[in-house]
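Taken in sequence, the protein lines are chains E and Z. The first sequence begins at 1 in full-length UniProt numbering and counts up by one. The second sequence begins at 1 in full-length UniProt numbering and counts up by one.
Please keep in mind that the hints were generated in silico from the structure rather than gathered at the bench. Errors might be hidden in some of the hints.
Stretches of chain E that chain Z covers, calculated by requiring three or more beta carbons in the stretch to come under 8 Å of a beta carbon on chain Z [as the list claims (entries may be wrong)]: (1) 114 to 121; (2) 231 to 239; (3) 283 to 297; (4) 496 to 507.
Positions of the beta carbon are idealized from the N, C-alpha and C atoms, including for glycine.
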Amino acid sequence: MNHSRSRRNPTREPDFPTAKPPSPGGSSGGGAGAAMRLIVPLQGVVQGRGGLILGSVIPGALYYFFQLYLKRCRSAKPNSNPPSPSSSSAQLADLSRSSSRSNLSSRGSVGPVRVSARANSIAKPNASPYYIGLERASEDPYDRFDNPDGIMQLGLSENRLSLDLIETWILENLERSMIGGADGNLNISGIATYQPLDGMMEMKIAVAGFMSQVMGTTVSFDPSRLVLTSGATPAIETLCFCLADQGNAFLVPTPYYPGFDRDMKWRTGVELIPVHCRSSDNFALSVTALDQAFNQARKRGQRVRGILISNPSNPIGNMLNKETLYSLLDFAREKNIHIISDEIFAGSTYGSEEFVSMAEILESEDFDKDRVHIIYGLSKDLSLPGFRVGVIYSFNTSVLAAAKKLARFSSVSAPTQRILISMLSDTRFIQRYIETTRERIQKMYVAFAAGLKQLGIECTKSSAGLYCWADMSGLIRPYNEKGELELWDKLLKIGKINVTPGSACHCIEPGWFRCCFTMLAEEDIPVVIKRIQRVVET
Amino acid sequence: MSLSKIATNDMHGENSLYFDGWKAYDENPFHPTKNPNGVIQMGLAENQLSFNLMEEWILKNPKASICTPEGISQFKDVAIFQDYHGLTQFRNAVAKFMAKARGGRVKFDPDRIVMSGGATGADEMIMFCLADPGEAFLVPSPYYPAFDRDLRWRTQVKIRPVECTSANNFQITREALEAAYQKAQEENIKVKGLIITNPSNPLGTTLSRETLTSLVSFINEKNIHLVADEIYAATVFSSPRFVSVSEIMDEVECNPNLIHIVYSLSKDLGLPGFRVGIVYSYNDAVVSCGRKMSSFGLVSSQTQHLLASMLSDDEFVDNFLMESSRRLAKRHKTFTEGLVNVNINCLKSNAGLFVWMDLRHLLKEPTLEGEIALWRVIIKDVKLNVSPGSSFQCSEPGWFRVCFANMDEDTVEVALKRIRTFVGKGQEEAEAPTKAKRWKNSTLRLSFSSRIYDEAVMSPHSPMPHSPLVRART
Numbered sequence: 001m002n003h004s005r006s007r008r009n010p011t012r013e014p015d016f017p018t019a020k021p022p023s024p025g026g027s028s029g030g031g032a033g034a035a036m037r038l039i040v041p042l043q044g045v046v047q048g049r050g051g052l053i054l055g056s057v058i059p060g061a062l063y064y065f066f067q068l069y070l071k072r073c074r075s076a077k078p079n080s081n082p083p084s085p086s087s088s089s090a091q092l093a094d095l096s097r098s099s100s101r102s103n104l105s106s107r108g109s110v111g112p113v114r115v116s117a118r119a120n121s122i123a124k125p126n127a128s129p130y131y132i133g134l135e136r137a138s139e140d141p142y143d144r145f146d147n148p149d150g151i152m153q154l155g156l157s158e159n160r161l162s163l164d165l166i167e168t169w170i171l172e173n174l175e176r177s178m179i180g181g182a183d184g185n186l187n188i189s190g191i192a193t194y195q196p197l198d199g200m201m202e203m204k205i206a207v208a209g210f211m212s213q214v215m216g217t218t219v220s221f222d223p224s225r226l227v228l229t230s231g232a233t234p235a236i237e238t239l240c241f242c243l244a245d246q247g248n249a250f251l252v253p254t255p256y257y258p259g260f261d262r263d264m265k266w267r268t269g270v271e272l273i274p275v276h277c278r279s280s281d282n283f284a285l286s287v288t289a290l291d292q293a294f295n296q297a298r299k300r301g302q303r304v305r306g307i308l309i310s311n312p313s314n315p316i317g318n319m320l321n322k323e324t325l326y327s328l329l330d331f332a333r334e335k336n337i338h339i340i341s342d343e344i345f346a347g348s349t350y351g352s353e354e355f356v357s358m359a360e361i362l363e364s365e366d367f368d369k370d371r372v373h374i375i376y377g378l379s380k381d382l383s384l385p386g387f388r389v390g391v392i393y394s395f396n397t398s399v400l401a402a403a404k405k406l407a408r409f410s411s412v413s414a415p416t417q418r419i420l421i422s423m424l425s426d427t428r429f430i431q432r433y434i435e436t437t438r439e440r441i442q443k444m445y446v447a448f449a450a451g452l453k454q455l456g457i458e459c460t461k462s463s464a465g466l467y468c469w470a471d472m473s474g475l476i477r478p479y480n481e482k483g484e485l486e487l488w489d490k491l492l493k494i495g496k497i498n499v500t501p502g503s504a505c506h507c508i509e510p511g512w513f514r515c516c517f518t519m520l521a522e523e524d525i526p527v528v529i530k531r532i533q534r535v536v537e538t
Numbered sequence: 001m002s003l004s005k006i007a008t009n010d011m012h013g014e015n016s017l018y019f020d021g022w023k024a025y026d027e028n029p030f031h032p033t034k035n036p037n038g039v040i041q042m043g044l045a046e047n048q049l050s051f052n053l054m055e056e057w058i059l060k061n062p063k064a065s066i067c068t069p070e071g072i073s074q075f076k077d078v079a080i081f082q083d084y085h086g087l088t089q090f091r092n093a094v095a096k097f098m099a100k101a102r103g104g105r106v107k108f109d110p111d112r113i114v115m116s117g118g119a120t121g122a123d124e125m126i127m128f129c130l131a132d133p134g135e136a137f138l139v140p141s142p143y144y145p146a147f148d149r150d151l152r153w154r155t156q157v158k159i160r161p162v163e164c165t166s167a168n169n170f171q172i173t174r175e176a177l178e179a180a181y182q183k184a185q186e187e188n189i190k191v192k193g194l195i196i197t198n199p200s201n202p203l204g205t206t207l208s209r210e211t212l213t214s215l216v217s218f219i220n221e222k223n224i225h226l227v228a229d230e231i232y233a234a235t236v237f238s239s240p241r242f243v244s245v246s247e248i249m250d251e252v253e254c255n256p257n258l259i260h261i262v263y264s265l266s267k268d269l270g271l272p273g274f275r276v277g278i279v280y281s282y283n284d285a286v287v288s289c290g291r292k293m294s295s296f297g298l299v300s301s302q303t304q305h306l307l308a309s310m311l312s313d314d315e316f317v318d319n320f321l322m323e324s325s326r327r328l329a330k331r332h333k334t335f336t337e338g339l340v341n342v343n344i345n346c347l348k349s350n351a352g353l354f355v356w357m358d359l360r361h362l363l364k365e366p367t368l369e370g371e372i373a374l375w376r377v378i379i380k381d382v383k384l385n386v387s388p389g390s391s392f393q394c395s396e397p398g399w400f401r402v403c404f405a406n407m408d409e410d411t412v413e414v415a416l417k418r419i420r421t422f423v424g425k426g427q428e429e430a431e432a433p434t435k436a437k438r439w440k441n442s443t444l445r446l447s448f449s450s451r452i453y454d455e456a457v458m459s460p461h462s463p464m465p466h467s468p469l470v471r472a473r474t
């Protein structure tokens with residue numbers, strides 16, 4: 001497999017229209033649904049729920065009558081299938097062929113084949129810049145030697161800096177194939193037979209240990225509180241299925257990981273309500289904003305089930321401090337809702353700041369653990385996205401019981417578990433790996449941020465993640481989403497680099513871009529900077 | 001702190017009484033030397049007869065496993081690969097294998113192969129793609145019990161059984177299909193499709209060409225989907241040979257957009273731990289949607305890589321398919337003949353990892369209660385965990401599914417002996433003491449590691465509602 005192999009549509013990124021969720025008052029540009037445009041003003045006119053009902057009933061009724069009208073029109077039209085029989089013999093031959101085909105179809109079916117509405121909603125071709133960028137980059141991927149004019153991929157948050165460490169470990173430690181047992185005897189039944197669908201206990205122990213190590217050993221994780229899934233993507237969907245019914249909602253601070261739109265909403269029917277954060281306070285999460293969003297949702301009759309945070313944040317790269325975590329907990333307690341903390345980048349930190357997990361906060365609290373759930377996975381911190389290992393960690397035994405049963409739809413492969421059990425149990429190696437990775441990420445971050453700074457592009461101060469959150473608002477014209485997308489397009493077509501525009505992350509301020517730098521080598525950074533410069537100067 | 005309806009309802013099915021059989025097994029599992037009086041697991045449709053062939057191949061091909069010195073050069077590329085299209089060589093190899101399992105009579109397009117989390121994930125995913133909440137799928141009964149959960153739980157799709165009876169050897173009739181369809185219409189339920197398992201679980205039979213043709217015409221006429229769950233395709237061990245829906249498509253007039261196949265490597269290859277589920281659809285929209293949904297259940301790239309190598313080894317695959325069939329045939333013969341000797345008949349079957357045993361003559365009364373009573377006796381006194389027909393929604397009491405491929409020859413003997421004892425209880429036949437001596441003297445050669453009994457957490461997954469063992473241990 002060569003390195004210029006195209007990578008298409010990686011899992012944890014979306015590839016469907018990331019429509020902005022309707023925001024009350026239509027604050028951010030563009031995406032508010034037509035429905036909201038009708039409902040909200042009506043809500044203003046007819047206070048409270050009346051507006052909601054009128055706003056739903058009137059368009060609904062209109063739509064119904066329109067459909068009825070159309071139906072009547074359609075049935076009035078003559079059946080167009082059988083073609084006219086009057087024509088020359090040559091044509092007649094053609095006609096009778098096509099006629100027989102139409103006879104076949106009319107005999108065989110009573111209309112077009114219908115798949116589910118769910119399938120329809122996603123099968124439409126995708127106009128999201130996010131998807132387009134990923135596809136373009138994979139069609140023409142940059143390679144320093146083989147394809148120096150290709151597109152550089154800065155839109156995928158993956159860590160390729162430390163795979164060599166893992167390779168070395170494997171070479172030194174796994175002498176035989178993965179089915180070799182501790183006693184040297186082959187044990188294929190241990191990997192080929194049915195295993196507990198939420199992960200083998202040994203694997204849970206190993207993963208719990210890894211999580212603890214990666215988060216600085218300030219907190220320990222209980223293996224019995226883990227449910228393993230095939231990737232963080234099903235982990236978060238499964239958790240959502242456990243906590244919310246169709247139509248319920250989660251509050252999500254923006255900007256947020258675009259994949260949440262699919263993972264949390266698609267099959268569950270759950271809504272995401274953005275809670276906007278601004279650059280003026282470094283995109284910090286404010287409980288006031290949460291409160292406001294919660295109340296507005298309640299007015300709309302929407303039931304909020306919880307808050308979804310990513311900590312360290314994707315795409316910003318900042319971490320929530322203890323104080324914020326405590327206030328979040330208080331807020332959740334007050335409203336009696338859940339907290340989902342996606343901590344998948346917990347080990348990818350590089351500043352002097354220490355990561356604080358929700359689990360750490362709860363260790364000091366004696367009550368109310370039932371509402372906190374943590375999502376984790378091995379795709380970022382251990383650079384193994386292909387192996388598909390995700391984690392749901394919860395203090396709530398009912399959630400765990402339900403998640404365990406649901407894990408059957410997305411279990412981790414047993415041979416993969418065997419390999420990882422070995423690797424994760426080598427705690428000395430893991431320690432070395434974690435430290436080295438951090439150093440390398442930091443090095444890349446410093447070089448990259450400095451490079452951008454030379455061009456006058458500032459990044460938000462961040463201390464974690466595999467990316468920078470770059471402010472290119474000064475370079476866009478006009479200062480709105482359209483301008484941002486134009487710049488994104490230029491960067492892709494002229495600059496030949498793929499970055500993630502803030503609008504894909506529901507950022508309320510235009511001009512921000514997420515640039516992932518851990519798929520590059522250090523030598524590539526000047527190339528990236530030069531390319532951006534090229535675009536900036538046109 | 002309330003949870004969702006899905007988290008709190010009973011759709012997972014684990015509160016059903018059929019759990020008692022699993023509980024009995026978990027509390028007292030059979031072991032040839034350590035616990036010879038324990039309950040023998042005959043409720044798990046797992047294929048353990050050909051493990052050694054797998055083992056040998058893996059040993060001989062360390063390069064296939066990227067986590068070995070020989071295979072390490074591929075490691076980086078595979079470890080980062082999470083494209084939901086799947087490794088090309090994996091899809092190619094699976095397409096080839098699927099064709100081989102159908103005797104090479106039909107070709108499969110690798111681009112139509114979509115991954116999912118095991119057959120469980122595949123069944124659920126195809127429902128998500130084809131039906132909306134409240135819509136229904138017809139399922140011929142008796143059917144795999146977990147369909148109630150896998151097809152309905154999160155999808156909120158309904159299931160409507162199509163009754164099949166012993167009157168015609170449980171074959172699916174056009175009348176039964178029409179009746180089920182009409183009934184759904186009357187209840188104002190929209191039927192979106194028909195899902196069949198072919199070869200059948202629990203019957204162990206393959207659908208005849210005529211039946212399959214009739215099914216395809218039926219769905220085509222009603223313009224509903226046909227999902228053929230063919231996960232036991234390569235477990236066919238005697239005639240008639242397996243006819244896949246993919247073969248019928250060319251012969252019968254049908255809209256290919258309605259045809260979908262669910263496949264897996266769990267039964268044919270005996271690799272359930274690998275979690276390889278496949279959805280193969282002739283409908284482009286379904287392939288496209290399914291691809292995106294497969295993000296929720298991708299096959300580990302490490303596993304894809306290993307299987308790509310293994311399934312591309314033509315010599316290995318051809319030999320495996322032949323040998324596996326042979327071993328299944330032999331085991332089936334031993335078991336059914338042993339049963340016939342005590343006047344117990346099974347439905348004539350040519351596939352699967354189980355038999356559909358007829359114990360109607362042993363029922364005290366021909367009712368559900370009678371069946372359950374007999375079942376409890378079999379669990380408690382005969383100490384065999386078998387699955388009662390009612391758990392498969394069978395409309396006639398007295399049938400039981402008994403798995404025979406998840407144990408070694410000696411265990412089969414023990415099981416047969418216990419059945420003989422049970423049936424002959426009336427005659428009070430004394431068991432030959434020589435049999436007991438033979439146990440102690442012979443060196444037991446288990447075809448799978450005895451670690452399976454020793455490990456702390458070992459409960460094999462049940463196709464029935466999930467074993468409570470995992471709950472108990474964590």
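- prompt: Okay, the stretch 283 to 297 of chain E and chain Z, do three or more residues pass the C-beta test at under 8 Å?
  reply: violated (count 0)
- prompt: Counting residues of the stretch 231 to 239 of chain E with a beta carbon closer than 8 Å to any beta carbon of chain Z, are there 3 or more?
  reply: Contact hint for the stretch 231 to 239 of chain E vs chain Z: holds, 4 residues under 8 Å.
query: Are 3 or more residues of the stretch 114 to 121 of chain E near chain Z, judged by a Cβ distance of less than 8 Å?
result: holds (count 7)
- request: Check, residue by residue, whether the stretch 496 to 507 of chain E contains three or more positions whose beta-carbon lies closer than 8 Å to a beta-carbon of chain Z, and give the verdict.
  value: violated (count 0)
Violated hints, in rising order: 3 and 4; the structure is consistent with all others.
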